[in-house]
Amino acid sequence: MLAFLALIAGVVLGLLINPEVPTVLQPYLPIAVVAALDAVFGGIRAKLDRIFDDKQFVVSFISNVLVAALIVYLGDQLGVGGQLSTGVVVVLGVRIFGNVAAIRRHLFRA
Amino acid sequence: MSPPAPHNFGPDFLTSLFRFPLDPGYADAAAARDERGPRRPGVRLALRVTAVLTTLAIGVLLAVAYRKTIEDQPERARARAALVDSIQRLRAQTDEQQAQAARLREQVSRLRDAQLSGSAASELRALEMTAGLTRVQGDGVRIELSDGPDAVDPVTGNRRSGNRVRVDDLHILVNDLWTVGAVAIEVNGQRLTAMSTIRASGEAIQVDAKPVGSPYVITSIGPSDLADDFARTTSAGLMRTLVKLHGMGFRVREVDDLVLSAAPDQALREARRLLPRPTASPQASRRPNAPTPATEASGDG
Chain X
172 MLAFLALIAG VVLGLLINPE VPTVLQPYLP IAVVAALDAV FGGIRAKLDR IFDDKQFVVS
232 FISNVLVAAL IVYLGDQLGV GGQLSTGVVV VLGVRIFGNV AAIRRHLFRA
Chain L
2 MSPPAPHNFG PDFLTSLFRF PLDPGYADAA AARDERGPRR PGVRLALRVT AVLTTLAIGV
62 LLAVAYRKTI EDQPERARAR AALVDSIQRL RAQTDEQQAQ AARLREQVSR LRDAQLSGSA
122 ASELRALEMT AGLTRVQGDG VRIELSDGPD AVDPVTGNRR SGNRVRVDDL HILVNDLWTV
182 GAVAIEVNGQ RLTAMSTIRA SGEAIQVDAK PVGSPYVITS IGPSDLADDF ARTTSAGLMR
242 TLVKLHGMGF RVREVDDLVL SAAPDQALRE ARRLLPRPTA SPQASRRPNA PTPATEASGD
302 G
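Protein chains in written order, with this note's numbering: chain X, 172 to 281; chain L, 2 to 302.
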């Protein structure tokens with residue numbers, strides 16, 4: 172519940188202060204969003220599975236974002252940035268889908 | 002939930018990704034908690050605060066990404082609007098320059114008329130009229146020619162365009178008009194000159210590369226007996242036959258006070274140097290009205 176409120180507060184805060192994203196970081200924004208969504212849905216599912224762990228949540232979010240950004244950065248340097256971003260989105264997307272399916276089973280027993 | 006036993010990242014990575022989408026770390030952490038009991042309260046609180054802050058950060062991230070996407074949208078719209086703007090501006094500029102060219106041309110012909118003696122000027126005007134460079138006003142003939150109905154094949158249902166006006170029909174009509182003394186001819190509002198073309202391009206007919214369609218209106222100005230003379234030509238006879246055979250529309254009327262516009266600007270095809278080759282500087286050739294006889298330009302362009 173607290174986490175949910177924090178998420179809402181974060182969205183409101185982000186809309187209010189509207190921080191300027193440095194141009195260097197802008198290409199990584201979409202990837203970071205997908206990584207963050209993966210962490211959020213993983214956390215919710217773990218909560219429902221009663222195995223949620225704060226440390227694991229924090230570590231998974233940060234490592235997700237960093238690894239995804241690193242892969243895209245490397246790809247950009249090697250000229251395959253678009254393809255590697257697609258790969259990252261596919262892997263994280265599959266995880267998001269699986270976790271959302273598990274959440275659905277938890278909530279609706281179906 | 003059954004924990005995925007060993008996390009091997011071999012060929013089975015995708016399979017395990019699909020079957021166990023949850024980060025295996027959660028299961029490991031839960032197992033560790035079961036084994037060693039919960040963490041100390043201080044550590045737990047610190048971790049909880051960190052997690053909440055992380056969630057806050059995720060919220061900010063989502064909001065920022067949303068804002069960024071929304072901001073990018075008008076940027077695209079702005080780029081488009083700027084392009085549309087510049088197209089319109091350039092078009093207006095072209096129109097203005099064309100109008101200016103027309104004004105200047107008029108000015109040139111006025112100045113030329115002032116310079117030339119009366120007989121020379123009238124000769125020049127007659128030549129210009131024949132060349133299609135000036136507007137012509139006078140009595141003449143208007144011929145209206147239109148396609149006959151498309152025949153529909155009773156078996157296949159295909160439409161056959163055999164009853165349509167063909168480019169040859171326009172050719173002979175126009176040529177016969179010239180023959181019987183027309184001084185100016187327009188086809189669907191396009192003035193013909195000696196250099197004009199009437200061509201078929203597929204099924205379409207083009208006059209000076211601009212498409213024209215049925216009904217074709219051929220307007221011509223000429224001597225007073227133009228209509229009678231034209232009625233006796235072979236093309237007029239042929240058209241009357243075609244009307245009977247194919248149901249084409251063909252009508253010839255005498256019309257008074259026709260106004261035919263000047264032909265659009267013709268590209269300069271041939272030029273001749275009026276001055277001897279400049280010896281000192283290029284500026285020398287700009288001297289106007291130098292009283293020198295015309296000399297052929299000798300190949301230096």
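There may be inaccurate statements among the hints.
Unchecked claim - With a cut-off of at most 25 Å between alpha-carbon atoms, the simulated SDA-like pairs for lysine to any residue come out as follows:
hint, chain 1, residue 1, chain 2, residue 2
1, L, K69, X, L178
2, L, K69, X, F223
3, X, K226, L, A201
4, L, K211, L, A195
5, X, K226, L, L57
6, X, K226, L, L63
7, X, K218, L, A195
8, X, K226, L, G149
9, L, K211, L, L276
10, X, K226, L, R45
11, X, K226, L, R41
12, L, K69, X, K218
13, X, K218, L, D177
14, X, K218, L, R45
15, L, K69, X, T257
16, L, K69, X, L241
17, L, K69, X, K226
18, L, K245, X, V195
19, X, K218, L, G43
No lab work stands behind these hints: they were computed from the structure.
Status of the hints after comparison with the structure:
Simply put, K69/L and L178/X have alpha-carbon atoms about 19 Å apart, close enough for the 25 Å limit, and the pair holds. Our distance criterion of 25 Å between C-alpha atoms is broken by K69/L and F223/X, whose separation comes to about 32 Å. A C-alpha spacing of about 80 Å is found between K226/X and A201/L, which places the hinted pair above 25 Å, so the restraint is violated. Of the pairs offered as hints, the one joining K211/L and A195/L holds, with about 16 Å between alpha carbons and a cut-off of 25 Å not exceeded.
With a CA separation close to 15 Å, the supplied pair K226/X and L57/L stays within the 25 Å bound. Taking the CA atoms of K226/X and L63/L, the gap is about 21 Å. The hint holds against a cut of 25 Å. For the suggested pair K218/X and A195/L, the alpha carbons sit about 89 Å apart, so the restraint of at most 25 Å is broken. A C-alpha spacing of about 86 Å is found between K226/X and G149/L, which places the hinted pair above 25 Å, so the restraint is violated.
Taking the CA atoms of K211/L and L276/L, the gap is near 38 Å; set against the 25 Å cutoff, the hint is violated. About 9 Å separates the Cα atoms of K226/X and R45/L, which keeps this hinted pair within 25 Å; it holds. Of the pairs offered as hints, the one joining K226/X and R41/L holds, with about 13 Å between alpha carbons and a cut-off of 25 Å not exceeded. Note on K69/L and K218/X: the hinted pairing is violated, with a Cα-Cα distance of about 31 Å set against a maximum of 25 Å.
About 94 Å separates the Cα atoms of K218/X and D177/L, which puts this hinted pair outside 25 Å; it is violated. Under the criterion of a C-alpha separation no larger than 25 Å, the hint pairing K218/X with R45/L is consistent with the structure, at around 16 Å. For the proposed pair K69/L and T257/X, the alpha carbon gap of about 20 Å is at most 25 Å, so the pair holds. Proposed proximity of K69/L and L241/X is supported: the alpha carbons are some 21 Å apart, at most 25 Å.
Of the pairs offered as hints, the one joining K69/L and K226/X is violated, with about 30 Å between alpha carbons and a cut-off of 25 Å exceeded. Our distance criterion of 25 Å between C-alpha atoms is broken by K245/L and V195/X, whose separation comes to about 79 Å. A C-alpha spacing of about 21 Å is found between K218/X and G43/L, which places the hinted pair at or below 25 Å, so the restraint holds.
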